[in-house]
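Novice: The residues making up each chain are set out below.
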Amino acid sequence: MLFPLAVLFSAIRLGRGPAVFAALLSVVLFDVFFVPPRFTLGVNDLQYLLTFGVLLVVALITAELAAGLRTQRDVAKEHGEQAGALYAVARELSAALTVEQVSEVAARTVREVFGARARLWLPDDDGRLKSVDDADCDGPPDARVCEVWQSGRAEGSSDGTLYVPLPGPMRVRGVLALRRADSTDVDAPERRRLLDALASLLGIALERMHYVTVAQRTGIEIETERTRNALLAALSHDLRTPLTAIAGLADTIALTPPLLSAEQSELVSAIRVEALRTGTLVHNLLDLARFEAGGLRLRREWLPVDEIVGASLQACTSVLTRHRLELDLPANLQMIEVDAVLMERALGNLVENAAKYTPAGSTIAISARAAGEHMEVSVCDDGPGLPDGPAEDLFGRFVRGRAASGVSGTGLGLAIVDAVVRAHGGRLRAANRAQAGACFTLELPLGSPPLVEEPVA
Amino acid sequence: MSRSPDPVVVVVEDEQQIRRFICSALQAGDCHVIEAETTARGLIETQSRKPDLLILDLGLPDGDGLEVIRRVREWSALPILVLSARAGEGDKVAALDLGADDYLTKPFGVAELMARVRALLRRTALARGVESALVRFGTVEVDLAGRNVTRDGETVHLTPIEYKLLAHLVANAGRVLTHRRLLAEIWGPNHVEHVHYLRVHMASLRRKLEPTPAFPAHIRTETGVGYRLVL
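Protein chains in written order, with the working numbering: chain A, 3 to 459; chain B, 1251 to 1481.
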């Protein structure tokens, strides 16, 4: 009865094959040494054949069971090792603060666990994939990296490189490229599961890093905006104060006896006009600066179009003295939801431009109408019209339509109009009229204005 | 008839050059001018001299001009003209809501300044004299006693709200009335956010009274702030 013990032992230590061999050997040895006639394979009593059979079956079953146990033990051990490796990776990744550290952890783990070389492809701020570590491989990613990046499914290539996506909770965060060596085994299911788990850990770490960056950036932006607004307010104050003094003191010269000669009073008046104009320029520049920085918040209110037109005309009364005005504003026009101050300036700039770039006696026509989803407010004139070329070119900063015309200006007017209208979700159009002159149209989205009920008074 | 004494104006402004031209313009306009550089000094002068007008810069080094308005309004209704170098409408509205009568944004010229000063001083003079029940602007005549409004001699039919608005504008002619103030006066304190009510009724008032409603000569819009009736 020692034989099954030997079989069990060899099954546990050596595996299924040796155990089967041990079972057969033990039956033969039993036959040779214990069954008469001894030292031969012959058997006198047929009853022994049954004994051999039972012995063999018992030995084989023992071998099978023991070998199964052994395999399970091995698998458990490997799972344990994998879990340990993943745990170590997770710990290292949670301590990682930069993308480079994540990349280093990935490379080391892949080398130690899979015996392969790893490279990490991550998107930059513009969404283009870039290799993190190797400076010498800074070229564009090969097509397969992009494919994996987009599809989110792992793929192998002919040269033995395996591309694995790194899935974060929200989206794929990068691609891990595994260059296999001869010893690399990533095709077995449990190896593959290990690789996928590693990819997930990397994806989560990268996503965490992404949101940390986003949060930091938002914080910096808020701080920047606060500083910028304070700076602009201070700048506005510091520039307006001396300009006020210049304009006012110039006026004072003109009003203080003795009376000035015609030429002198013209000079003094020029000083005043230029100071006030510089004030407007400061205003425009600061507004534009706010717009560009995205720091200008709209204070939208429901306004009748004629109120905006009236206010903007009022603001440029001084430049309108030598022009004829034609107004076409239907009484039943719908209200629009806009920032009153900005829209007044936008429309005022258009009117002022029309007055500046047309000869005295020209007609400036302002009209408004609802057209489909939009309110169209137009400022048209019968002057020389726009220069050739795309009208949109005029909307840039410091662009001036007729540089040679000798009209003073800074070229900020239309840029501001364009910025204001865009901020309202609208569009500025410019074109020459069929007859003569230019036409600027503000296209503003119509909403559903609130009801105004007449309270019983 | 004896000539009334020159009006007294207190100017609170920290910038010397600006103060200088304001003062010389006021003196040329027959005003007696008292200068102050700080809010503290401004308050003392306003209390002791009992001026006819206070001209106040909002950006003073030793404190907020708004605080001066609040303090002065505790005991006096004298006209206050605010000067502001800030671009936003917010501080103007705050000053007007606290009881300032008008504002000027820097930079401004002497002509603008004196026009505002004269309008505010005229209000004071009117208030002292017999309150006139008949007010005219353009071809419009408002008879506050008879609650009757005519344009070119013909009666204009106004809704009750429109009449209230007009009467309020007339009573405060020359002053800037903020949206909030008008809404509180006419619709009541619960409606101060319903600016579009005001705009709609103001638009229809203009259509009834202004020759060119979209380019009003009298019922002026102070964008982002309120309205003003210019006589």
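Worth flagging that the hints you see were computed from the coordinates, not collected in a lab. Keep in mind that a hint or two might mislead.
Stated by the list, open to error - Just some of the chain B residues that point at chain A, by a computed CB distance under 8 angstroms:
#1 A1275
#2 K1356
#3 R1431
To be verified - FRET-style restraints, in silico, Cβ to Cβ:
#4 B/Q1267 - A/L269: 40 to 50 angstroms
#5 A/L237 - B/E1404: 49 to 59 angstroms
#6 A/P260 - B/Q1267: 21 to 31 angstroms
#7 B/E1435 - A/P447: 29 to 39 angstroms
#8 A/R431 - B/A1434: 56 to 66 angstroms
#9 B/E1404 - A/G398: 30 to 40 angstroms
#10 A/I224 - B/R1368: 23 to 33 angstroms
#11 B/S1326 - A/P447: 39 to 49 angstroms
#12 A/P332 - B/H1444: 16 to 26 angstroms
#13 B/R1323 - A/L288: 37 to 47 angstroms
#14 A/P452 - B/E1435: 52 to 62 angstroms
We put the beta carbon where it would ideally sit given N, CA and C, even for glycine.
Novice: None of the hints should be skipped; say for each whether it holds.
Specialist: Now for the hints, and whether the structure bears them out:
1. Hint status for B/A1275: holds, given a least beta-carbon distance of 6 angstroms to chain A, under 8 angstroms.
2. This hint holds: B/K1356 has a C-beta 4 angstroms from the nearest C-beta of chain A, less than the 8 angstroms allowed.
3. Residue-level restraint check for B/R1431 is violated (minimum Cβ-Cβ distance to chain A is 17 angstroms; threshold 8 angstroms).
4. Checked against the hint of 40 to 50 angstroms, the pair B/Q1267 and A/L269 fails, with Cβ atoms roughly 19 angstroms apart.
5. In this structure, A/L237 and B/E1404 meet the distance hint of 49 to 59 angstroms, their C-beta atoms being roughly 54 angstroms apart.
6. Checked against the given bound of 21 to 31 angstroms, the beta carbons of A/P260 and B/Q1267, roughly 22 angstroms apart, stay inside it.
7. Distance hint for B/E1435 and A/P447: a CB-CB separation of about 33 angstroms, consistent with the stated range 29 to 39 angstroms.
8. Between A/R431 and B/A1434 the CB atoms are about 41 angstroms apart, so this pair departs from the stated range of 56 to 66 angstroms.
9. Between B/E1404 and A/G398 the CB atoms are about 53 angstroms apart, so this pair departs from the stated range of 30 to 40 angstroms.
10. For A/I224 paired with B/R1368, a C-beta distance near 47 angstroms fails the hint of 23 to 33 angstroms.
11. The hint said 39 to 49 angstroms for the Cβ distance between B/S1326 and A/P447, and at roughly 48 angstroms that hint holds.
12. Range check, A/P332 to B/H1444: about 24 angstroms between beta-carbon atoms, so the 16 to 26 angstroms window is met.
13. The beta-carbon spacing between B/R1323 and A/L288, approximately 32 angstroms, falls outside the hinted interval of 37 to 47 angstroms.
14. For A/P452 and B/E1435, the hinted distance range of 52 to 62 angstroms is not satisfied, since their beta carbons lie about 21 angstroms from each other.
Consistency with the previously given hints fails for numbers 3, 4, 8, 9, 10, 13, 14, ordered from lowest to highest.
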